[in-house]
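Student: Protein sequence lines correspond, in order, to chains S and L. For the first sequence, the residue numbers in the numbering used here are 1 to 114. For the second sequence, the residue numbers in the numbering used here are 1 to 109.
Simulated from the structure, these hints should not be mistaken for lab results. Please note that the accuracy of each hint is not assured.
[Unchecked claim] Below, computed lysine-lysine pairings styled on PhoX-like, alpha-carbon distance capped at 25 Å: (1) L:42 x S:57; (2) L:79 x L:42; (3) L:96 x S:57; (4) S:9 x L:79; (5) L:69 x L:57.
[What the hints assert, rightly or not] These stretches of chain S come out as covered by chain L in the derived footprint (C-beta under 8 Å, 3 or more residues): (6) 38 to 46; (7) 53 to 65; (8) 105 to 114.
[As the list claims (entries may be wrong)] Label-pair restraints from in silico Cβ distances: (9) L:41 x S:73: 17 to 25 Å; (10) S:77 x L:12: 37 to 45 Å; (11) L:40 x S:75: 20 to 28 Å; (12) L:93 x S:53: 16 to 24 Å.
All residues carry an ideal CB built from backbone N, CA and C; glycine is no exception.
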Amino acid sequence: DSGVTQTPKHLITATGQRVTLRCSPRSGDLSVYWYQQSLDQGLQFLIQYYNGEERAKGNILERFSAQQFPDLHSELNLSSLELGDSALYFCASSATSGSANEQFFGPGTRLTVL
Amino acid sequence: EDQVTQSPEALRLQEGESSSLNCSYTVSGLRGLFWYRQDPGKGPEFLFTLYSAGEEKEKERLKATLTKKESFLHITAPKPEDSATYLCAARYNFNKFYFGSGTKLNVKP
Numbered sequence: 001d002s003g004v005t006q007t008p009k010h011l012i013t014a015t016g017q018r019v020t021l022r023c024s025p026r027s028g029d030l031s032v033y034w035y036q037q038s039l040d041q042g043l044q045f046l047i048q049y050y051n052g053e054e055r056a057k058g059n060i061l062e063r064f065s066a067q068q069f070p071d072l073h074s075e076l077n078l079s080s081l082e083l084g085d086s087a088l089y090f091c092a093s094s095a096t097s098g099s100a101n102e103q104f105f106g107p108g109t110r111l112t113v114l
Numbered sequence: 001e002d003q004v005t006q007s008p009e010a011l012r013l014q015e016g017e018s019s020s021l022n023c024s025y026t027v028s029g030l031r032g033l034f035w036y037r038q039d040p041g042k043g044p045e046f047l048f049t050l051y052s053a054g055e056e057k058e059k060e061r062l063k064a065t066l067t068k069k070e071s072f073l074h075i076t077a078p079k080p081e082d083s084a085t086y087l088c089a090a091r092y093n094f095n096k097f098y099f100g101s102g103t104k105l106n107v108k109p
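So here's chain S without its partners, still in its complex pose:
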């Protein structure tokens, strides 16, 4: 158990809908990262937050947004969902904003868009 929690575990929704994925980092970790893992694309870095502020952006679509709250939990919002958004979404946390500390991954949320 990495100490990172993600909810829900599974999510099934329809095209055009909007969903919110939630992540609680390990106790004491200030950085949260979001990743998308699909069969054809592998693990893709989406975005990083550090202590409430956006720190780095990867291949995140404009339909997707994220935020980190004062209690350090983070939410990833996915809107106007398409079939291709079906994937495993992972959250990871680390103690600082840099890569000196390894990232600890949560169990993931499996999103299915029908």
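Chain S is fixed; fit chain L onto it per the hints.
Tutor: Just chain L now, kept in the frame of chain S:
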């Protein structure tokens, strides 16, 4: 574009048969090279971080090494429980992370 490439895509070994996994990366702007293990349906589990050419790190049957353009994950006398997908990731300037597509390792008893 920054890129991380892993080979082979899949590797089948007999228990006790040592081998190496390869990860090649774009050199410019590298800030760290990471190895993770991922079991089916689970999040990646951190193994090692390497920062400079010549650096080596070991953990049980695994040893990670870094050269100027490649990293290797050496597996010595593997056991069936080492079966997993091994992911290599690179961090570049501005905290951008790129993962390779992984090597799926299957160790037969």
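Student: At the C-beta level, are residue 41 of chain L and residue 73 of chain S separated by a distance inside 17 to 25 Å?
Tutor: Distance hint for residue 41 of chain L, residue 73 of chain S holds at roughly 23 Å.
Student: Using C-beta distances, would you say chain L covers the segment 38 to 46 of chain S, given that this needs three or more residues below 8 Å?
Tutor: holds (count 4)
Student: Sort out whether residue 57 of chain S lies within 25 Å of residue 96 of chain L, counting only the CA atoms.
Tutor: holds (7 Å)
Student: Taking 25 Å as the top limit, are the C-alpha atoms of residue 42 of chain L and residue 57 of chain S close enough?
Tutor: holds (24 Å)
Student: Can the suggested window of 37 to 45 Å be confirmed for the beta-carbon pair residue 77 of chain S and residue 12 of chain L?
Tutor: holds (41 Å)
Student: Do three or more residues from the segment 53 to 65 of chain S put their C-beta atoms closer than 8 Å to C-beta atoms of chain L?
Tutor: Answer holds; 3 residues pass the 8 Å Cβ test.
Student: Within 20 to 28 Å or not, the Cβ separation of residue 40 of chain L and residue 75 of chain S?
Tutor: holds (27 Å)
Student: For the pair supplied as a hint, residue 79 of chain L and residue 42 of chain L, confirm whether the alpha-carbon distance does not exceed 25 Å.
Tutor: Distance of about 20 Å is within 25 Å: holds.
Student: Has the given pair, residue 9 of chain S with residue 79 of chain L, been kept, meaning a C-alpha gap of at most 25 Å?
Tutor: violated (30 Å)
Student: Using C-beta distances, would you say chain L covers the segment 105 to 114 of chain S, given that this needs three or more residues below 8 Å?
Tutor: Satisfied; 4 residues make the cut.
Student: For the hint 16 to 24 Å, verify it against the beta carbon of residue 93 of chain L and that of residue 53 of chain S.
Tutor: holds (18 Å)
Student: Do the alpha carbons of residue 69 of chain L and residue 57 of chain L lie within 25 Å of each other, as the hint requires?
Tutor: holds (17 Å)
Hint 4 from the earlier list is the only one contradicted by this structure; the remaining hints agree with it.
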